[in-house]
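Visitor: Hints given; two lone chains; assemble the complex.
Chains as they are written, first to last, in the working numbering: chain A, 1 to 184; chain B, 1001 to 1169.
Mixed in with the good hints, there may be bad ones.
[Said to hold, decoys possible] Under the rule of at most 27 Å between Cα atoms (straight-line distance), these lysine-lysine pairs were calculated in the DSSO-like manner:
1) K148/A to K1087/B
2) K148/A to K1067/B
3) K1059/B to K148/A
4) K1070/B to K148/A
5) K1059/B to K134/A
6) K1067/B to K81/A
7) K1154/B to K148/A
8) K1070/B to K45/A
[What the hints assert, rightly or not] Here are the computed distance ranges between Cβ atoms for each label pair:
9) G1147/B to N122/A: 46 to 56 Å
10) V1083/B to N149/A: 16 to 26 Å
11) S1133/B to A84/A: 40 to 50 Å
12) T1043/B to E170/A: 42 to 52 Å
[Claimed, not checked] Examples of chain B residues toward chain A, derived with CB under 10 Å:
13) F1037
14) P1062
15) C1064
16) K1070
17) T1072
Treat the hints as calculated values from the structure; they're not laboratory data. Heads up, the beta-carbon is just placed ideally off N, CA and C, and yes, glycines get one too.
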Amino acid sequence: MPGSDEVTPSTSVDGMRNRRCIHRVAIMAFWIFTAGLLAGCFGVKPYPNTLDKNLHVQSFTESGSWFSRVRTAVDIHRVGKDCAIDYEGTVQLTEPTTDIGIQPDRWSHLVFVFASSSFWANRSGTITYETLLKPRPHYHYAVAVRYKNDLYHVAIRETPPNRSTGREIEPLALSACRSSSGQK
Amino acid sequence: MNRYPLLMTALSILTLSGCVSHPQTAEEFRKVVPGAFSGKVETFEVDRPFSQVAGTFQKMGPNCLSKTIKTTSQTNMSYQVIVTTYKPTVLVTGKKAELHVQFHHEQGVIAVSKEPVGGYYLLVADAQPVTASKTRIDLYRPSMGHGVLIQAVKNWATGENVGCPDLTK
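Same shape as in the complex, but just chain B (with noise of 0.2 Å):
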């Protein structure tokens, strides 16, 4: 089997991927994503006050997702090592929570579009108030992988089993 087309077809992908422009603020993050292939967007409810919301965002946010992670994987013929910053952005008002995660591949990994200022959109959440007592959550999230991710932050709305993700699974 001649495997030369189905390696040109897929370099043009990626080539004609990376022309395709990246959202460049969370604000287009938001358009881009119910119309992606890879991403998601998810409503839920949440019987916690807003102001609890708001705040486990707040602690948990740069507490758990400040990081520079170092994942190495290896098989007999490939040795790879993946170095990824995730950056945090939390910003709260009277009326709504949004919590921003971005991601920038510090080695491993050649970033084929233009990259927003502290790196690619990776998770938007945002939260507002329902009631005095429940909460909306609007996900903007990978449809695939990162489970731990979106894990983690539906968590922190619900308030139940809140931990800080591991950014190597």
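So that you can see chain A by itself, here it is in the shape it has in the complex (with noise of 0.2 Å):
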């Protein structure tokens, strides 16, 4: 039968290309499926960083040793009323400047995240430095981030709209936040 002969093909190559779609779509779902549960158990949300950029963070990163690698991030929690904290995302310093947009007129936490793991001796660990900061409207805040043999520095300077100098601002812990919520 011609018509047989013609379509016969025609089902076995559309079935190919099914099949292909198929584990394709099967793939893709698998690696996002991998990602979402990576994520989930590592409790790593990205930040959405969809507001005015107003924190410019300069990154320098150096473990000192070729056995060892440090890792920089910054998890931005927003600070609720009676100084709770709800975590809102972490940004990945992994490129020498990032921009970042912080809620400005209320209080956030930063931490900033230095993750160091060894391959040599299969040891890993986190130290982290953590500050509260209250962005002011317009005014732009350029962080410092420096990771150089085994001592790290974070420095904060704000500077007011239209200048080009400002002030460095001392680390504020949440505590801090605690003790002056509980004296209200």
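Guide: In structure tokens:
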């Protein structure tokens, strides 16, 4: 049957295409599921970073050893009434400069994370630098994040609009918020 | 090779060391460190006014050392998690600035002797003015390990490359 000769190969090609398509979708679904699962397991949620960028982070990370690695990131938490914190997300500081938008006129709790891991000793650890920050509207905040030879340093400089110089802000612990709200 | 005697000796040393009390105050720590196998006293002068050194101790001590650190290490045979809380104390008078660093293992290490309030003493740094622009530092510190902490405290004294030590190292 001529018709069936034509139909059969056509069905076979379509079937192969469908199978390939299903295969691709399955692979994509697997990776999306795995990525979601991993993100969920490690508790790392990307910070939406949709607000006007008022935090300009310059980061420099050097572990000082061939056998170790240091990963730098900043966790951003919203600070609510009674100083309760709500994790908003994490920005990985993998590039030398990163711009972040933090809600102005509201307290945020910033946690700069230095996570080191040693391949040689199969050892890992995390150290953090934490501060409260309440960005003023239209102000800019330059953040210098440095990790070198096992020493780290975080400095935040606040600059008013249309100015080139600013002042360095001292870190403010979350306990300061809790003690001030407790006094009220 | 029979390892039993070796094990017993090691356990005996550990038990005996548990009987020897650790310094309970910073002053006791200063007295014990010069004669201790694992302690060292280092004295040096820095070209910096006393007030600046004291100011750096006051700023960096609490910011850098009020930390609880979790480290994990893993081999084929073991998995260890150690949680350590560090406690800095900075005392400043007109003629002396003291930095005390204590540590307490929250998890992963058993305390074998009486622990002072705030944890075992790890390091004490005393700064005293020599001249208007020079300050003398007496550092009572471990002779092995904790190199990052020691370097950070020295940097706080000299004012060069001031940063916080990665206490996971």
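Visitor: Taking the numbered hints from earlier one at a time, note which ones the structure violates and give those numbers from smallest to largest.
Guide: 9, 12, 13
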